Amino acid sequence: MSGFDQLVTFIRVADLDRSSAFYGDVLGLQMVRDQGPCRIYQVSGEAFVGVCLATEPFEPDDRVIITLVADDIEGWAGRLNEAGVTIEKPPTEYPEFQITHLFTRDPDGYLVEIQRFWESLG
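Each residue of the sequence shown is one higher than the one before, counting from -18 in the working numbering.
Please keep in mind that the hints were generated in silico from the structure rather than gathered at the bench. Among the clues, some could well be false.
No more than 25 Å apart at the CA atoms, straight line, and that leaves these computed lysine to aspartate or glutamate pairs for DMTMM-like [stated by the list, open to error]:
id : residue 1 : residue 2
1  : Lys70     : Glu27
2  : Lys70     : Asp43
3  : Lys70     : Asp6
Pairwise CB distance ranges, derived in the manner of DEER restraints [stated by the list, open to error]:
id : residue 1 : residue 2 : range
4  : Glu100    : Gly17     : 39 to 49 Å
5  : Pro18     : Phe78     : 18 to 28 Å
6  : Glu40     : Ser(-17)  : 33 to 43 Å
7  : Arg14     : Pro76     : 20 to 30 Å
8  : Arg(-1)   : Val45     : 13 to 23 Å
9  : Glu77     : Gly17     : 16 to 26 Å
10 : Glu100    : Cys19     : 34 to 44 Å
11 : Gly(-16)  : Arg14     : 20 to 30 Å
12 : Glu69     : Gly9      : 12 to 22 Å
13 : Glu77     : Pro18     : 40 to 50 Å
14 : Gly56     : Thr36     : 36 to 46 Å
15 : Gly56     : Glu27     : 20 to 30 Å
All values reported here derive from a predicted model rather than from experimental measurement. Ideal Cβ positions, reconstructed from N, Cα and C, are used throughout, including at glycine.
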């Protein structure tokens, strides 16, 4: 056994096209697989997020946070504003965690964090 090769986080969505517009167009993630009711987007390297059409009504789980790591938090805030996306928490520094981040929500209400570590993880 050699460990794991990739990470895919799947979330349920109410409208596949609306979610695809957010993850593909607004966030600029490349769709790498269209499985019909699920679409998988590459975040970086071997990390992916999959959006799957829900088969029954649901409420997004606030215990789930999709965190995307980037260097330019202010630039992302501008891009989200230009796309008409509401920023719930503007870019904020947290010295105790050595991060700068912002929060928004995707079209289904999942919490999306864009974060910069002051010191790279790896």
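Quick rundown of the hints versus the structure:
1. Taking the CA atoms of lysine 70 and glutamate 27, the gap is near 28 Å; set against the 25 Å cutoff, the hint is violated.
2. For the hint linking lysine 70 to aspartate 43, the alpha-carbon distance of about 15 Å falls within 25 Å, and the restraint holds.
3. Between lysine 70 and aspartate 6, the direct Cα distance comes to roughly 21 Å. Compliance with the 25 Å bound is thereby established for this hinted pair.
4. The given range of 39 to 49 Å is respected by glutamate 100 and glycine 17, whose C-beta atoms sit roughly 41 Å from each other.
5. Between proline 18 and phenylalanine 78, the C-beta spacing of about 37 Å breaks the proposed range 18 to 28 Å.
6. Checked against the hint of 33 to 43 Å, the C-beta distance between glutamate 40 and serine -17 comes to roughly 38 Å, which is consistent with it.
7. Checked against the hint of 20 to 30 Å, the C-beta distance between arginine 14 and proline 76 comes to roughly 40 Å, which is inconsistent with it.
8. A hinted range of 13 to 23 Å holds for the C-beta pair arginine -1 and valine 45, which are about 18 Å apart.
9. A hinted range of 16 to 26 Å for the beta carbons of glutamate 77 and glycine 17 is inconsistent with their spacing of about 44 Å.
10. Between glutamate 100 and cysteine 19, the C-beta spacing of about 35 Å keeps the proposed range 34 to 44 Å intact.
11. Between glycine -16 and arginine 14 the beta carbons are some 22 Å apart, a value that agrees with the proposed interval 20 to 30 Å.
12. Between glutamate 69 and glycine 9 the Cβ separation comes to about 20 Å, which falls inside the hinted range of 12 to 22 Å.
13. Evaluation of the 40 to 50 Å hint for glutamate 77 and proline 18 yields a pass: the beta carbon distance comes to about 41 Å.
14. In this structure, glycine 56 and threonine 36 meet the distance hint of 36 to 46 Å, their C-beta atoms being roughly 37 Å apart.
15. For the pair glycine 56 and glutamate 27, the supplied restraint of 20 to 30 Å holds, since their beta-carbon distance comes to about 25 Å.
When the structure is compared with the earlier hints, violations turn up for hints 1, 5, 7 and 9 and for no others.
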